[in-house]
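Chemist: In case you want the letters, here they are:
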Amino acid sequence: NAGVTQTPKFRILKIGQSMTLQCTQDMNHNYMYWYRQDPGMGLKLIYYSVGAGITDKGEVPNGYNVSRSTTEDFPLRLELAAPSQTSVYFCASSYPTGAGEQFFGPGTRLTVL
Amino acid sequence: GQQLNQSPQSMFIQEGEDVSMNCTSSSIFNTWLWYKQEPGEGPVLLIALYKAGELTSNGRLTAQFGITRKDSFLNISASIPSDVGIYFCAGRNYGQNFVFGPGTRLSVLP
Numbered sequence: 001n002a003g004v005t006q007t008p009k010f011r012i013l014k015i016g017q018s019m020t021l022q023c024t025q026d027m028n029h030n031y032m033y034w035y036r037q038d039p040g041m042g043l044k045l046i047y048y049s050v051g052a053g054i055t056d057k058g059e060v061p062n063g064y065n066v067s068r069s070t071t072e073d074f075p076l077r078l079e080l081a082a083p084s085q086t087s088v089y090f091c092a093s094s095y096p097t098g099a100g101e102q103f104f105g106p107g108t109r110l111t112v113l
Numbered sequence: 001g002q003q004l005n006q007s008p009q010s011m012f013i014q015e016g017e018d019v020s021m022n023c024t025s026s027s028i029f030n031t032w033l034w035y036k037q038e039p040g041e042g043p044v045l046l047i048a049l050y051k052a053g054e055l056t057s058n059g060r061l062t063a064q065f066g067i068t069r070k071d072s073f074l075n076i077s078a079s080i081p082s083d084v085g086i087y088f089c090a091g092r093n094y095g096q097n098f099v100f101g102p103g104t105r106l107s108v109l110p
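Keeping their order, the protein sequence lines are chains D and R. For the first sequence, my numbering gives the first residue as 1, with consecutive numbering after it. For the second sequence, my numbering gives the first residue as 1, with consecutive numbering after it.
Next comes chain R alone, as it looks inside the complex (with noise of 0.2 Å):
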């Protein structure tokens, strides 16, 4: 089936620092998602993106739909502690179901 690429696979940083994130597929996909992943907690959705270019923000979050609809990117400004967890990417094309990367770890240090 269909993969997706997440990199880095795990990341440590400083509080305060900006952490960047990407997601690559072999495939053009028409959505992209973002989720959160919290220990013990189901994935919770930050970002949905719809088009080619399209750039979104949550609070502290942005992310990017790729140009070539094959990538996506996630940027966290100013990390804080509670942005701990894994996040997960998820694409797709119409008419077919969500594909999700591996994840990114991220860990925060005070």
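Next comes chain D alone, as it looks inside the complex (with noise of 0.2 Å):
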């Protein structure tokens, strides 16, 4: 199993541009999840879904969007994007039963010049 994998590692966008940031995992988990991780802060959840054809927003998710077509795929989507978006992506999964614990990717550095 690779678990959760998640592309670019790295990129640097200008202001305005808009990119997608993929994440896949091959572990059959329902929930997915996006998190941003600024310098010296804890996780904060920016989407979540709960299976495939339902999302729900987190706690930062303005700036972003999702969409959840498969069980495997949990595409990130910033359309214009801006220098505050500058952080690590994290992107996690789980199975909604038991504790839930989450499984997550690499991340991808993102910087907004």
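Calculated from the structure, these hints are not laboratory results. Misleading hints may appear alongside valid ones.
Under the rule of at most 30 Å between Cα atoms (straight-line distance), these lysine-lysine pairs were calculated in the DSSO-like manner [unchecked claim]:
{"hint": "1", "chain 1": "D", "residue 1": "Lys14", "chain 2": "D", "residue 2": "Lys44"}
{"hint": "2", "chain 1": "D", "residue 1": "Lys9", "chain 2": "D", "residue 2": "Lys44"}
{"hint": "3", "chain 1": "D", "residue 1": "Lys9", "chain 2": "R", "residue 2": "Lys51"}
{"hint": "4", "chain 1": "D", "residue 1": "Lys14", "chain 2": "D", "residue 2": "Lys57"}
{"hint": "5", "chain 1": "R", "residue 1": "Lys70", "chain 2": "D", "residue 2": "Lys57"}
{"hint": "6", "chain 1": "D", "residue 1": "Lys44", "chain 2": "R", "residue 2": "Lys51"}
{"hint": "7", "chain 1": "D", "residue 1": "Lys44", "chain 2": "R", "residue 2": "Lys70"}
From the derived model, a few chain R residues whose C-beta atoms are all more than 10 Å from chain D [said to hold, decoys possible]:
{"hint": "8", "residue": "Val19"}
{"hint": "9", "residue": "Ile28"}
{"hint": "10", "residue": "Leu61"}
Quick caveat: nothing in here was measured; it's all calculated off a predicted structure. Just so you know, even glycine gets a beta-carbon here, dropped at the ideal spot from N, CA and C.
Fit the two chains together into the complex; they arrive one by one in their own frames, and the hints show the way.
Modeler: Okay, structure coming up:
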């Protein structure tokens, strides 16, 4: 099992550009999440999904969009990149039952200039 | 939103020393998780705790679910250089999403 994979690993964007961060998991987890991690801070939840076709906002959703057309994939879209979106982005997945322990991908480091 | 506090923020220890860190919340939780993050990587789950008072070990790591349900503790015994990283706690109540602490950065000096 590859677990949770994310692409790209690094990206530099100009203000106003758009991009999609890809996330795929092969553990057949129903739940998937997108977090951002700013220096010295904990993980902040952007969006999450409890299954294909179902998404919901987390704590910091502004400036982002998501879709969930399959169980495996949960892409995160930035439409108009802003410097405030410079961060490290982590995708995670979990089973809906049990304690819901989340398994994380390696992250995407995004810089907006 | 909910906030978790982790203490200490950072620590420098000698190889072989024991380490203690804690996580506190203003709300009660029914699940606590402890993660470790190494540079350039995503967090990796170390220990999961499911009920108040629970004490769980994973090798040299031991974590406890506080009796008040508002705190959790992580101990590392006989630290080694590969223990270096950031340790995050996360907690939640039933039906809610996990909230993550800001992390404790651990440095181990040889």
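Chemist: Against this structure, judge whether each hint is valid.
Modeler: Tested hints:
no. : hint                 : in the structure
1   : Lys14/D with Lys44/D : holds, 23 Å
2   : Lys9/D with Lys44/D  : holds, 19 Å
3   : Lys9/D with Lys51/R  : violated, 37 Å
4   : Lys14/D with Lys57/D : holds, 25 Å
5   : Lys70/R with Lys57/D : holds, 26 Å
6   : Lys44/D with Lys51/R : holds, 25 Å
7   : Lys44/D with Lys70/R : holds, 20 Å
8   : Val19                : holds, 19 Å
9   : Ile28                : holds, 16 Å
10  : Leu61                : holds, 15 Å
The structure fails to meet hint 3 from the earlier list, while all remaining hints are met.
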